[in-house]
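Required output: the full structure, derived from the provided sequences and hints.
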Amino acid sequence: MNNEHLLTRIDLKASQSALGTALGGGFGEIYIESSHGDSLVFDQNRLRNNQSQSMEGIGMRRVLDAETTYAHSENISMETVNGLATSLGHSNGVQKTSTLKASAHNLYKGQDLPPLAERLALLETINETVRALDPRIINVTITLASSTQNIAIIGAEGEPLIDVRPMCRIGISVTVEENGRRESGNAGKGGRFDMRTLMSEDCWLGLAREGLRIALVNLIAQPCPAGEQMLLLGPGWPGVLFHEAVGHGLEGDFNRRGSSAFSKLMGKQVAAKGVNVIDDGTVNEARGSIHFDDEGTPTARNTLIEDGKLVGYMQDRLNGELMGVGTSGNCRRESYAHPPMPRMTNTFLDNGSDNPDDLRAELKSGIYAVGFGGGQVDITSGKFVFNCTEAYRIEKGEILYPVKGATLIGDGPTALHKIIGIGNDMSLDPGVGNCGKAGQWLPVCVGQPTVLMEGITIGGTEI
Numbered sequence: 002m003n004n005e006h007l008l009t010r011i012d013l014k015a016s017q018s019a020l021g022t023a024l025g026g027g028f029g030e031i032y033i034e035s036s037h038g039d040s041l042v043f044d045q046n047r048l049r050n051n052q053s054q055s056m057e058g059i060g061m062r063r064v065l066d067a068e069t070t071y072a073h074s075e076n077i078s079m080e081t082v083n084g085l086a087t088s089l090g091h092s093n094g095v096q097k098t099s100t101l102k103a104s105a106h107n108l109y110k111g112q113d114l115p116p117l118a119e120r121l122a123l124l125e126t127i128n129e130t131v132r133a134l135d136p137r138i139i140n141v142t143i144t145l146a147s148s149t150q151n152i153a154i155i156g157a158e159g160e161p162l163i164d165v166r167p168m169c170r171i172g173i174s175v176t177v178e179e180n181g182r183r184e185s186g187n188a189g190k191g192g193r194f195d196m197r198t199l200m201s202e203d204c205w206l207g208l209a210r211e212g213l214r215i216a217l218v219n220l221i222a223q224p225c226p227a228g229e230q231m232l233l234l235g236p237g238w239p240g241v242l243f244h245e246a247v248g249h250g251l252e253g254d255f256n257r258r259g260s261s262a263f264s265k266l267m268g269k270q271v272a273a274k275g276v277n278v279i280d281d282g283t284v285n286e287a288r289g290s291i292h293f294d295d296e297g298t299p300t301a302r303n304t305l306i307e308d309g310k311l312v313g314y315m316q317d318r319l320n321g322e323l324m325g326v327g328t329s330g331n332c333r334r335e336s337y338a339h340p341p342m343p344r345m346t347n348t349f350l351d352n353g354s355d356n357p358d359d360l361r362a363e364l365k366s367g368i369y370a371v372g373f374g375g376g377q378v379d380i381t382s383g384k385f386v387f388n389c390t391e392a393y394r395i396e397k398g399e400i401l402y403p404v405k406g407a408t409l410i411g412d413g414p415t416a417l418h419k420i421i422g423i424g425n426d427m428s429l430d431p432g433v434g435n436c437g438k439a440g441q442w443l444p445v446c447v448g449q450p451t452v453l454m455e456g457i458t459i460g461g462t463e464i
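Residues in the sequence shown are numbered from 2 upward in steps of one, following the working numbering.
It should be emphasised that the hints constitute simulated quantities derived from the structure, not laboratory data. Beta carbons are placed, not taken as given, at the ideal position from N, Cα and C, and that holds for glycine. Wrong hints could be hidden among the right ones.
[What the hints assert, rightly or not] Okay, derived cross-link-like pairs now, DSSO-like style, lysine-lysine, Cα gap no bigger than 30 Å in a straight line:
| no. | residue 1 | residue 2 |
| --- | --- | --- |
| 1 | Lys365 | Lys419 |
| 2 | Lys419 | Lys269 |
| 3 | Lys384 | Lys265 |
| 4 | Lys438 | Lys269 |
[As the list claims (entries may be wrong)] Distance windows between CB atoms, simulated:
| no. | residue 1 | residue 2 | range |
| --- | --- | --- | --- |
| 5 | Gly440 | Glu80 | 24 to 32 Å |
| 6 | Asp44 | Asn76 | 33 to 41 Å |
| 7 | Arg258 | Pro136 | 53 to 61 Å |
| 8 | Ser201 | Asp66 | 47 to 55 Å |
Structure, rendered in structure tokens:
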């Protein structure tokens, strides 16, 4: 089933009538989805994994008196629609106005998946080419994945919204060995565009060389000195620090319930002057972009922190209405089987005015972090722990040596006040990240310019 036939198994008017009866004095929607994904993994000189997965289903939601009731089924039919409506139960009251309206965005187009034989041949070519780059390479792992999500959102009145959401991604991991020491480096690229963009030699060869570079850097890395130090964060992927430590804390549901470290701080100075944090679901072809969110509101560029002051939360309709501000177009769900909630799209620290080279020159003694791996965050306190995958020891603005085992420790609200310099080189990550919340995983982007911070606790080896 594709987007053109997404509504052919049900009667639109009858579905809207059934939904309207179930909603009564509340609001909600019918969400129909048909998705297909393919993933290839090439490892140890052979194809290790070839997965193809399809999924379709329908969900119905009612929000009434701040309570959400949700039902779903993998069977798309008129019988299912009536059954879901019955399971939600009849609700009295005057139905709230539908919020569905067409999006003016044109952020991405559908994609044509290249034949399997062509993709397999590419993986073999990449493997052979990369292994020839350096005699220390002992393994190359390549992942090539693509998916298309077709969705339709139906309100109790008006026209349904239909979207086709493409996604593709390539990842290359290079493992090297020298003198008994093994290290790896990873690079990738993804987004809402056609897979052939990733299959060009300029793209994959550049990623392979980057993965090799990181692996060789790690091969000579020394233990990271621990303690409270100055920290220089590179542009792009290090924005995951703010995504986790700040972003989740600015989602509406956490703040309505008072469980966020940023609750009841609207209008307050929560960061250093010059700090501007944005969530923007309208970035062309970005991994976190969508034409409209999963309850039918067009996405937008939303300013969350402006010049250090908290000015907005990411909202769905439920939490926005209860907080008296409305929705920001940030209501998302993993699939038809999940109720939607406030979520990030592309969240980043915006540009400042500082020259990145000048910021590095200001770093008299500290750590320059370029890449990040996993981390843990407590939403209530904002406390975080992040592992660096590429970092360097800097003295008097000069890189001394790469370090291994660097861990950033702190809390989001405090860290925001420790920013003393913001570069003018903002970039988003290469489009390979996912974000988890309440068991639901969604594609997102993070980003930032070069950022200089003081007094950050860095775990590693005691100085």
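Check your understanding: If you check each hint against the structure, which ones fail?
Key -> none
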